[in-house]
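Peer 1: Sequence:
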Amino acid sequence: MKKISILAVLTLLFASAHAQVDAFNWRAVIHRPDGNGIVFNLRTAIEHDSLIFYVVNGKEQMRVPAVAQKGDSLLIDMPVFESGFKFKVINKDSLSGIWHRASVSKEIVLPLTASARNPERFLPVHGAPLTNLEGKWQVNYKDAAGEVSPAIFTFHQNDNLITGSVLTPFGDDRYLEGILTGDSLYFSGFDGIHSLLLKAKINGDSLTGLQFSGATSKEEFTAYKTDNPTLPNEAAMFLKPGESGHLNFTFKDLNGKDVSINDPRFKNKVVIIDLMGSWCPNCMDETAFLSQYYNANKDKGVEVISLAYELTTDFERSKKSLMKFQKAYDIQYPVLITGVTVTDKDRTSKTLPQFTDIKMFPTTIILDKTGKVVKIDTGFQGPGTGSYYTNYVKEFNELMNKLLAE
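Here the sequence shown stands for residues -19 to -1, 1 to 387, numbered as in mature numbering (1 follows the signal peptide of the UniProt record, and there is no 0).
Hints may be right or wrong, so weigh each one.
[Claimed, not checked] Simulated pairs of lysine to any residue, SDA-like, Cα-Cα distance not exceeding 25 Å: (1) 279 / 214; (2) 117 / 376; (3) 331 / 308; (4) 353 / 373; (5) 250 / 284; (6) 180 / 198; (7) 248 / 331; (8) 331 / 304; (9) 221 / 250; (10) 300 / 356; (11) 206 / 373; (12) 67 / 298; (13) 87 / 323; (14) 326 / 336; (15) 281 / 352; (16) 279 / 227; (17) 301 / 331; (18) 182 / 216; (19) 356 / 273; (20) 279 / 373; (21) 221 / 243; (22) 340 / 245; (23) 300 / 82; (24) 248 / 281; (25) 308 / 326; (26) 182 / 14; (27) 375 / 364; (28) 180 / 364; (29) 340 / 182; (30) 199 / 92; (31) 375 / 151; (32) 301 / 88; (33) 199 / 17; (34) 250 / 350; (35) 383 / 315; (36) 356 / 377; (37) 350 / 241; (38) 353 / 304.
Rather than coming from a laboratory, the hints here were simulated on the basis of the structure.
Generate coordinates for the entire structure from the input sequences, incorporating the hints supplied.
Peer 2: Structure representation (structure tokens):
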């Protein structure tokens, strides 16, 4: 295996002397067994004589520099997550291969193709938009068992282009992009581990459609437009009755060194404890936010500790995956491996027994300078959610400024 040189790139992708700029933009499709394709965009570029991929969804362009050549294949490792692509170059504007990602028990593999011939994510097959979806929508999903769950759609519309996200009680679906053509909505996203496609019909201020995610998940949904959509607080986490609000834990960092909340480094400081996992898409957004905040404010008396709940108890595998996070987001605070898996039903009692059940990731616990718990935030509404993210950042900064001033 070797790094792809400019010569190899030119040979593989740009054999024609008349290759057009359009060949740098790709329409990629993850092919599900049921025939529904989850669509996203790729962009390729030559940077410092190396081939770089970008995964494109709305405003996000995720840079993927880990591209290698093995025989006639391109091996592409995502910058975060245990996930990647393997492509064969069919010709300069056609790639065919697989997307693979890790899970708790086995690797998930789905066919993946990419074409530069028609790089548009979706075509306006039904003509110009017949309405405007801009705003917020209250959603009800219904799964195959008939169970109903709530969500919120956030849409921003520019002509026929739609961007936004889906919020649920357990997180958001990050950056999504699609089009409105006639009375039909096509909306999708892919971030390396989470893949999503929505198809809907619009009737006035209501939507009816289907959502496809991952390899097999399929749900019906209905939605109506409203200025005040709501979600239940199903993932709330609390201190147990009688607990003092002072924590006590010790776990190993990525170098195998024990780090304790009682270490001198954390005394008399505001401490943010981030419950996360390297498999978690919303953790990616929160990690980016916390790392930027910490690097800008670490001299003001704030510390951050990430507690990682991984797919397995294999320390080296967890370390490798978490180091990708550390590199991607310039994490300068401790990342600790709990040694307890995300699927362990006793994960809370084994790691943070002072609390009720950890129901979602990420979860953020904020301690004041005395070490007392002052706030618990479950979930993270990332930048793909628009005003929800803006409001979160405002409230977070207000609280942190207050605690740091005490």
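Peer 1: Each of the hints needs a verdict: does it hold here or not?
Peer 2: How the hints compare with the structure:
{"no.": "1", "hint": "279 / 214", "result": "violated, 31 Å"}
{"no.": "2", "hint": "117 / 376", "result": "holds, 21 Å"}
{"no.": "3", "hint": "331 / 308", "result": "violated, 28 Å"}
{"no.": "4", "hint": "353 / 373", "result": "holds, 22 Å"}
{"no.": "5", "hint": "250 / 284", "result": "holds, 7 Å"}
{"no.": "6", "hint": "180 / 198", "result": "holds, 14 Å"}
{"no.": "7", "hint": "248 / 331", "result": "holds, 24 Å"}
{"no.": "8", "hint": "331 / 304", "result": "holds, 24 Å"}
{"no.": "9", "hint": "221 / 250", "result": "holds, 24 Å"}
{"no.": "10", "hint": "300 / 356", "result": "violated, 29 Å"}
{"no.": "11", "hint": "206 / 373", "result": "holds, 23 Å"}
{"no.": "12", "hint": "67 / 298", "result": "holds, 21 Å"}
{"no.": "13", "hint": "87 / 323", "result": "holds, 15 Å"}
{"no.": "14", "hint": "326 / 336", "result": "holds, 14 Å"}
{"no.": "15", "hint": "281 / 352", "result": "holds, 16 Å"}
{"no.": "16", "hint": "279 / 227", "result": "holds, 22 Å"}
{"no.": "17", "hint": "301 / 331", "result": "holds, 23 Å"}
{"no.": "18", "hint": "182 / 216", "result": "violated, 31 Å"}
{"no.": "19", "hint": "356 / 273", "result": "holds, 20 Å"}
{"no.": "20", "hint": "279 / 373", "result": "holds, 20 Å"}
{"no.": "21", "hint": "221 / 243", "result": "holds, 21 Å"}
{"no.": "22", "hint": "340 / 245", "result": "violated, 30 Å"}
{"no.": "23", "hint": "300 / 82", "result": "holds, 17 Å"}
{"no.": "24", "hint": "248 / 281", "result": "holds, 13 Å"}
{"no.": "25", "hint": "308 / 326", "result": "violated, 30 Å"}
{"no.": "26", "hint": "182 / 14", "result": "holds, 24 Å"}
{"no.": "27", "hint": "375 / 364", "result": "holds, 13 Å"}
{"no.": "28", "hint": "180 / 364", "result": "holds, 23 Å"}
{"no.": "29", "hint": "340 / 182", "result": "violated, 33 Å"}
{"no.": "30", "hint": "199 / 92", "result": "holds, 18 Å"}
{"no.": "31", "hint": "375 / 151", "result": "holds, 21 Å"}
{"no.": "32", "hint": "301 / 88", "result": "holds, 17 Å"}
{"no.": "33", "hint": "199 / 17", "result": "holds, 10 Å"}
{"no.": "34", "hint": "250 / 350", "result": "holds, 5 Å"}
{"no.": "35", "hint": "383 / 315", "result": "holds, 24 Å"}
{"no.": "36", "hint": "356 / 377", "result": "holds, 10 Å"}
{"no.": "37", "hint": "350 / 241", "result": "holds, 16 Å"}
{"no.": "38", "hint": "353 / 304", "result": "violated, 30 Å"}
Violated hints, in rising order: 1, 3, 10, 18, 22, 25, 29, 38; the structure is consistent with all others.
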